[in-house]
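Work out the full structure: start from the sequences and follow the hints.
2 protein chains.
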Amino acid sequence: MTLKIIIRNVLTITALCSIAIVSLVNAEDTDKALLKRAQALFSPLPDTLRVDDYPFSDARVELGKALFFETRVSTDGRMSCAACHNPSYHGGDSLALSVGLNGKKLPRNAPTVFNTPLLISQHYGGNRLTVEEQAMKALLSPLAYGNKNYAEAEAKLKTLGYAKKFDEAFPNESDPVSAENWATAIGAFERTLLTPAPFDRYLKGDQRAISKEAKIGLDKFMSVGCAGCHSGVVVGGQSFQKFGLTEDYWLATGSKEQELLKGRDKGKFHDTQKPEDMFIFKVPQLRNVAMTPPYFHDGSVAKLDDAVRVMARLQLGKQLSDDDVNHIVAFLQTLTGEVPANFAKAPVLPVSPYNN
Amino acid sequence: MTLKIIIRNVLTITALCSIAIVSLVNAEDTDKALLKRAQALFSPLPDTLRVDDYPFSDARVELGKALFFETRVSTDGRMSCAACHNPSYHGGDSLALSVGLNGKKLPRNAPTVFNTPLLISQHYGGNRLTVEEQAMKALLSPLAYGNKNYAEAEAKLKTLGYAKKFDEAFPNESDPVSAENWATAIGAFERTLLTPAPFDRYLKGDQRAISKEAKIGLDKFMSVGCAGCHSGVVVGGQSFQKFGLTEDYWLATGSKEQELLKGRDKGKFHDTQKPEDMFIFKVPQLRNVAMTPPYFHDGSVAKLDDAVRVMARLQLGKQLSDDDVNHIVAFLQTLTGEVPANFAKAPVLPVSPYNN
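Quick mapping for you: the protein sequence lines, in order, are chains D and E. Residue numbering for the first sequence is 59 to 414, as defined by this note's numbering. Residue numbering for the second sequence is 59 to 414, as defined by this note's numbering.
Quick caveat, the hints were computed from the structure, so don't treat them as lab data. Accuracy of the hints is not assured; some may be wrong.
Any copy, or any two copies together, can satisfy a pair, since identical chains are not distinguished.
The calculated DSS-like cross-link candidates involving lysine-lysine, where the alpha carbons are at most 25 Å apart (straight line), are [stated by the list, open to error]:
#1 Lys361 with Lys216
#2 Lys361 with Lys222
#3 Lys195 with Lys332
#4 Lys206 with Lys162
#5 Lys163 with Lys206
Just so you know, these numbers come straight off a predicted model, no measurement behind them.
What follows is the structure, given as structure tokens:
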């Protein structure tokens, strides 16, 4: 009897161990397969954007940082890149609709500035190709810096004492204080604002960089269809898409903000006036999405889980379960990187005999 | 002949050495006397304001820092303490007149926030006694945060996810999210914003902490009469004085900003309506004065040397030479401290389902 019991127990333990081992092997296979699928759709952030075709010096980045935080070039003395792209709010401003010059409400939400040089273009309508073009045109925008012309902005930069910094940043130019160089310097600074995240470590092969829930969410993110648009190095930002493919967005969400604007935001159409661009918006990147509510071009949705539900419904015609939503949110949280240290630390700006 | 020459040379050298030694001894005596006079009028900054009668914890300072940079408590989503007291501008905003809620121009210049707990009171009119009172009343000011009442501000703080931080900062209270605690926490943070400067090292006995020019300026600063009002630990900030004792200030400077305001700034009179308070202003501190142009309550003077000239003329009835002005400016530059590291580094603020 005793021997029988021992044998039975040994057999039972062996069987259980085998099951456990098979499960582990299976889980490992599943994990490997998931990573392989993910690696086909997404790429980790590069370590740097300081590549041969876009050289920039420390002096240029330092100047760009100062200009990014400089308020005195705006006509109200308060606007700066940092007003909408605030280090305290992960490079956004945490508002539904952003606030511009003289306290005017802007028509759209301010996206994070992080990783934006990797987007196909800038702005929700995509009407600015590069971060440099965005920075340069902002100088004249009546909602941003409000200067009448570039000469006005350039004169302010000289008065403010920036001439020496421009000289250092653009050493081979006879008159470097220019709107073009303002843009180049700010662009150089922005090109340093990359935010590597746990998902990057995962994509490089570290299975333990993200949780089991996040992996289930990643699987779902790809199988449901989110990754159809939200793929690549910044998980989106590479294409344009109609907002509300399967349902009318504004009827579905009842966006209050749009009422304020007395009319719908027609996306790219506002710039091109082409009928095919009606309600077409740039697909935003999803890096740092968990840190930058509220969501969408009008900030009409406050919570990330609701944003996931709205997207699934309006873009894919799908009603996600709470479990699916929670898993996808867990995946999206792995896209959160740290605020770059050189962005979090305020620059000391020139002390100038400036009198607005 | 040779011996005579040698003796003559030895005597000459000895004489020269004696003169040099006497000069050195005299210079040292002068230096000592100057320091003694300075020590009678000024005091170095304390190392900390965390004294027994004003205890505050790290949690309270950390909460205060977050609230200082928090924009979502204001009705336009942009105003914060940091909007006017910006780390990039040595705790001021570099504007003649500050800009408030919805881009409205404020009637006065924003002074630096550094060392302000050591002032006799807050604001140019002195109508706020402590930094805490200032922070609390700002919540309701239509030029600052614009809340209708404290309950509105408190509700926002809860929505924004500050409850836990208030719990940690005020551990023995049942309902710690209150306007009073907002004020206490911000005050606790501001009480850490001290900026020790070369002049402090000098006052503690280090003769080499400030230059010879600065010492001449310090001597002048005391002998001309500037130190009559600008004395003590923050070199001013301890008393009220009429602006324009010997001449009419507005006629003398032709302040453009005042035209904008359609009327003169009557100082303390605006709050008290007492005739004796007409044109009475708090004497500002001079710590960090070289870093915080433009000058005076209306920012009407852009450069420090001009500000020194205006003060000498309107308050003391004296016309200073350029040399005197330059020396006094050299002294004032020794009052510049570094931006406190914990102020320069932006806090990461709560990510909240907040929708303005």
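Practice problem: Could you place Lys163 and Lys206 in one of the four classes (within, between, both, neither) given a Cα distance threshold of 25 Å? | Solution: So Lys163 and Lys206 pass the 25 Å test inside a copy (20 Å) and across (21 Å) alike.
Self-check item: Intra/inter-copy verdict for Lys361 and Lys222 if alpha-carbon distance must be at most 25 Å
Solution: For Lys361 and Lys222, the Cα distance is within 25 Å only across copies (20 Å; inside one copy 46 Å).
Quiz item: When no copy is specified for Lys195 and Lys332, does a C-alpha distance of 25 Å or less occur within a copy, between copies, both, or neither?
Solution: Close inside one copy (23 Å), not across copies (52 Å); limit 25 Å.
Quiz prompt | Identical-chain pair category, Lys361 with Lys216, by Cα at 25 Å | solution = Classified as between: cross-chain Cα gap 16 Å, same-chain 44 Å, threshold 25 Å.
Self-check item: Status of Lys162 relative to Lys206 across identical chains (alpha carbons, at most 25 Å)
Solution: both (18 Å within a copy, 21 Å between copies)
The structure fails none of the hints (numbered hints given earlier).
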